[in-house]
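Undergrad: Heads up: the sequence lines are chains S and U, in that order. In terms of numbering that gives the first Met the number 0, the first sequence opens at residue 0 and continues consecutively. In terms of numbering that gives the first Met the number 0, the second sequence opens at residue 0 and continues consecutively.
Worth flagging that the hints you see were computed from the coordinates, not collected in a lab. Each hint should be verified, as a subset may be incorrect.
[Said to hold, decoys possible] Simulated crosslink set (DSBU-like; lysine-lysine; CA at most 35 Å straight-line):
1) U:106 with U:208
2) U:152 with S:305
3) U:31 with S:305
4) U:208 with U:156
5) U:208 with U:31
6) U:112 with U:208
7) U:152 with U:208
8) U:106 with U:130
9) U:156 with U:130
10) U:208 with S:305
11) U:156 with U:112
12) U:156 with S:305
13) S:305 with U:130
14) U:106 with U:156
15) U:112 with U:130
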Amino acid sequence: MALVDSDLTRDLVRARIQGRQSDAAGAAFKGILVACLVTVLAALVALLISVAPAGLDVFSTRGLSDFLLRPFSVRPDKAGVYQGTVGTVTSAVLVAVIAFPMGVAAAVYLEEYASDNWFTRLVNLVIRNLAGVPAIVYGLLGFALFVNGPFSSLTGGTTLLSTGLTLAILVLPIVVITSAEAIRAVPASLREGGYGVGATRWEVTRTLVLPNAMGGMLTGTILALARALGEAAPLFFMGAKTSIFSGGDWFDLRGDFTALPMIISDWSTRPATKWNGNTQAAILVTLVLVLGINTVGIVLRNHFDKKR
Amino acid sequence: MSGGASTTTAEPGPVPPVYRTEDLAVFYGSFKAVRDVNLEIRQNEITAFIGPSGCGKSTVLRCFNRMNDLIESARVEGRLTYHGVDLYDRAVNPVEVRRRIGMVFQKPNPFPKSIYENIAYGPRLAGLARKGPEMDEIVENSLRAAALWDEVKDRLKASAFGLSGGQQQRLCIARALAVGPEVLLMDEPCSALDPIATGRIEDLMQQIKQDYTIIIVTHNMQQAARVSDHCAFFTTEVSEESDTRTGVLVEFDATQQMFSNPSDERTENYVTGRFG
Numbered sequence: 000m001a002l003v004d005s006d007l008t009r010d011l012v013r014a015r016i017q018g019r020q021s022d023a024a025g026a027a028f029k030g031i032l033v034a035c036l037v038t039v040l041a042a043l044v045a046l047l048i049s050v051a052p053a054g055l056d057v058f059s060t061r062g063l064s065d066f067l068l069r070p071f072s073v074r075p076d077k078a079g080v081y082q083g084t085v086g087t088v089t090s091a092v093l094v095a096v097i098a099f100p101m102g103v104a105a106a107v108y109l110e111e112y113a114s115d116n117w118f119t120r121l122v123n124l125v126i127r128n129l130a131g132v133p134a135i136v137y138g139l140l141g142f143a144l145f146v147n148g149p150f151s152s153l154t155g156g157t158t159l160l161s162t163g164l165t166l167a168i169l170v171l172p173i174v175v176i177t178s179a180e181a182i183r184a185v186p187a188s189l190r191e192g193g194y195g196v197g198a199t200r201w202e203v204t205r206t207l208v209l210p211n212a213m214g215g216m217l218t219g220t221i222l223a224l225a226r227a228l229g230e231a232a233p234l235f236f237m238g239a240k241t242s243i244f245s246g247g248d249w250f251d252l253r254g255d256f257t258a259l260p261m262i263i264s265d266w267s268t269r270p271a272t273k274w275n276g277n278t279q280a281a282i283l284v285t286l287v288l289v290l291g292i293n294t295v296g297i298v299l300r301n302h303f304d305k306k307r
Numbered sequence: 000m001s002g003g004a005s006t007t008t009a010e011p012g013p014v015p016p017v018y019r020t021e022d023l024a025v026f027y028g029s030f031k032a033v034r035d036v037n038l039e040i041r042q043n044e045i046t047a048f049i050g051p052s053g054c055g056k057s058t059v060l061r062c063f064n065r066m067n068d069l070i071e072s073a074r075v076e077g078r079l080t081y082h083g084v085d086l087y088d089r090a091v092n093p094v095e096v097r098r099r100i101g102m103v104f105q106k107p108n109p110f111p112k113s114i115y116e117n118i119a120y121g122p123r124l125a126g127l128a129r130k131g132p133e134m135d136e137i138v139e140n141s142l143r144a145a146a147l148w149d150e151v152k153d154r155l156k157a158s159a160f161g162l163s164g165g166q167q168q169r170l171c172i173a174r175a176l177a178v179g180p181e182v183l184l185m186d187e188p189c190s191a192l193d194p195i196a197t198g199r200i201e202d203l204m205q206q207i208k209q210d211y212t213i214i215i216v217t218h219n220m221q222q223a224a225r226v227s228d229h230c231a232f233f234t235t236e237v238s239e240e241s242d243t244r245t246g247v248l249v250e251f252d253a254t255q256q257m258f259s260n261p262s263d264e265r266t267e268n269y270v271t272g273r274f275g
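The following block holds chain S by itself, in its conformation from the complex (with noise of 0.2 Å):
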């Protein structure tokens, strides 16, 4: 009899747990998702296959370290991009420079020192908004503020500092907005922790927080950076050259320059077919640049998340 009962329990549990419904919404939701997901790298696909053949092409008929450490030339198949990806480089170690240890510090004074008020709060939406303006206001404001304006005496005008400068500028509220958000997410248990043994608020910022939003801190800088540097519209107004000139080597701050941006825009526009083909080469010398500031902001972020 109990034998019967539980053979019975056992079909009846059996019927119950082995069905399978169907899901439909959730394989729609799925089928969303992946199509979604390839939009996105069909469009990467899509640059690359448009860019790659006629680039590729330049290198193998050339060389690529001709057309890498060649500086401007009246001629296609002399002009090269050195004097581009020194003055694009440079920049981003300047941007980096500036705005990282600014964008940090605004962070954490809105994070860990101001009071939750109504100007705190009015500062966060500004910052917030600025995050979103066109980077050719930026140029305007840089061409304003370094090139033509009060500290052009400083900058020499239209040199490679104010555009480090400028761009500076721009990447500012994106690093203010993403250290903040790193600072946030140490726990508030860590910050207790630290004052409970009799840690001032500097010493808790400096030892606790700091270290542990530094991952965080940094991929947003580093992401914020490639984005800043494929820009072109600032360098039209910090007087990016197009043709030849003498200088833009490294670290030339106060000189003439150039940047791949201004590079790829200008040789775009050139009718002669060869042309054509540079600019497609210019465009993977940037998207590898790109690729490489981003791997270091990846590899410093796992090396002080392993830290923690």
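Chain S is already provided as a structure; the job is to place chain U on it using the hints.
TA: Just chain U, lined up with the frame of chain S:
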């Protein structure tokens, strides 16, 4: 360290109290979290704060080392004296207060550092030692005091996160002891621990109370009965005009007295398990 370690009478002892509160009340903004707190904390005793959730016992505890300062809207009324000094006097530096009055929190919160660095953190900031044998000694003594030394002495450089929950909480106690405090505030230190780890923390409290004055907030009445010399029972009262809950100190007495013969009906209901 002598004195009324085993005293369980409610009358004022010969040693002046470490803390005394007079009509202490704490507000968060306009919300009155707890009021009418009148009690004395004696040296080398364990005092337990018990009561249902939201009765303000943790809030009161966090006044005792000015931890409430971290909450911007928190405000204190009445008087809270530490060895006769008003803790909320303008001239008092909360950082100095917290060096003398250590705190252990509800959830173990070790720093994301090595076991050694967790202990060395406080003494280094306080300038007690920088590194080398001096610091080694502080670390060893603190870990020994927290009954953790034998378990971790071979892996001081390992991350504190590798320890079990109970070990982490003892590490946090060792971290608090490392700066040489006089008082240890414990905010439900065993609520995240299993019974064995809880037992070890309770044993530890009995061991260290000859050197420290301990205040413990606990949800666990048996724990309060087991470990404490004096006991404060808090409960919540609903205000009629504003319909808000405010914590209030109902009874403060020797633990034995409180559990065997409470003077307030609400205390009796709570300790006999009829509510809360």
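Undergrad: So, for every hint listed, does it hold in this structure?
TA: Verification of the supplied hints:
1. At most 35 Å may separate the alpha-carbon atoms for a hinted pair to count; residue 106 of chain U and residue 208 of chain U meet this at roughly 22 Å.
2. Only pairs whose Cα atoms come within 35 Å are accepted, and residue 152 of chain U paired with residue 305 of chain S is accepted, the gap being roughly 24 Å.
3. Restraint check for residue 31 of chain U and residue 305 of chain S: not satisfied, since their Cα atoms lie roughly 44 Å apart, outside the 35 Å limit.
4. The suggested pairing of residue 208 of chain U with residue 156 of chain U holds, with an alpha-carbon distance near 29 Å, which does not exceed 35 Å.
5. Under the criterion of a C-alpha separation no larger than 35 Å, the hint pairing residue 208 of chain U with residue 31 of chain U is consistent with the structure, at around 33 Å.
6. For the given pair, residue 112 of chain U sits about 28 Å from residue 208 of chain U by alpha-carbon distance, which is consistent with the 35 Å threshold.
7. Taken as a hint, the residue 152 of chain U and residue 208 of chain U pair is honoured in the structure, with Cα atoms around 24 Å apart against an allowance of 35 Å.
8. Using a Cα cut-off of 35 Å, the hinted pair residue 106 of chain U and residue 130 of chain U holds, with the two alpha carbons roughly 29 Å apart.
9. Between the alpha carbons of residue 156 of chain U and residue 130 of chain U the distance comes to roughly 14 Å, so the proposed pair stays at or under 35 Å and holds.
10. Proposed proximity of residue 208 of chain U and residue 305 of chain S is contradicted: the alpha carbons are some 39 Å apart, above 35 Å.
11. A threshold of 35 Å between alpha carbons decides the hint, and for residue 156 of chain U with residue 112 of chain U the separation of about 9 Å falls inside it, so the pair holds.
12. Between residue 156 of chain U and residue 305 of chain S, the direct Cα distance comes to roughly 15 Å. Compliance with the 35 Å bound is thereby established for this hinted pair.
13. Of the supplied pair hints, the one linking residue 305 of chain S and residue 130 of chain U holds, its CA atoms being roughly 24 Å apart against a limit of 35 Å.
14. For the suggested pair residue 106 of chain U and residue 156 of chain U, the alpha carbons sit about 23 Å apart, so the restraint of at most 35 Å is met.
15. At most 35 Å may separate the alpha-carbon atoms for a hinted pair to count; residue 112 of chain U and residue 130 of chain U meet this at roughly 16 Å.
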